[in-house]
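Let chain A serve as the given structure and place chain B on it in line with the hints.
Residue-level listing of the chains:
2 protein chains.
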Amino acid sequence: MKVAVKVKLKPSILDPQGKAVHQALQQLGFDAINGVRIGKFIELEVADSADPAERERQIEEATRKLLSNPVMEVFEIEAGEGESS
Amino acid sequence: MKVAVKVKLKPSILDPQGKAVHQALQQLGFDAINGVRIGKFIELEVADSADPAERERQIEEATRKLLSNPVMEVFEIEAGEGESS
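Note that the protein sequences, when read in sequence, are chains A and B. Under our numbering, think of the first position of the first sequence as 50, with each following residue one higher. Under our numbering, think of the first position of the second sequence as 50, with each following residue one higher.
Source of the hints: derived by calculation from the structure; they are not laboratory data. Any given hint could be a false lead.
Since the list can't tell identical chains apart, any single copy or any two copies may satisfy a pair.
Said to hold, decoys possible - DSS-like cross-link-like pairs, simulated, lysine-lysine; straight-line CA separation at most 25 Å: (1) K114 - K89; (2) K51 - K68; (3) K114 - K51.
Every value quoted in this text rests on a predicted model; they were computed, and no experiment measured them.
So here's chain A without its partners, still in its complex pose (with noise of 0.2 Å):
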């Protein structure tokens, strides 16, 4: 099974990375483009054999404790998508 967890800047948090970004597009012409915020999108195979509560409290507990920063990013788990492997 598949979970997807988005991890994104705190809206408070200065992102330079997207700011470099943005000039770069406007530098290139897309003006339509006012704001770029860059995050990271994680996949996690998740063994379908594990209990639902254990595999739902080691994503969270994972995401929380090692693939995000609390204190500047906020988190997204969205559910499996079904393709196992």
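Chain B only, in chain A's frame:
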């Protein structure tokens, strides 16, 4: 209007960053997680005033030319979430 762009590595491309995270998770006892792949999650703030067709063209072109590397990556554009600012 906000537009979200997900950029993922193609399945055939090795992801050493994801592998390192996966190993760390395993060492910490997250045994339900069998694999990790790390991509980018980019939020674009797009001018509502722009012509929708032109807007879409710019988003698509910016993503293809600047935000992703077509040799190694694939992208998905998610239509605006309606949160204008």
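To see whether the hints hold, each was checked on the structure:
{"no.": "1", "hint": "K114 - K89", "result": "both (15 Å within a copy, 19 Å between copies)"}
{"no.": "2", "hint": "K51 - K68", "result": "between (31 Å within a copy, 16 Å between copies)"}
{"no.": "3", "hint": "K114 - K51", "result": "within (19 Å within a copy, 28 Å between copies)"}
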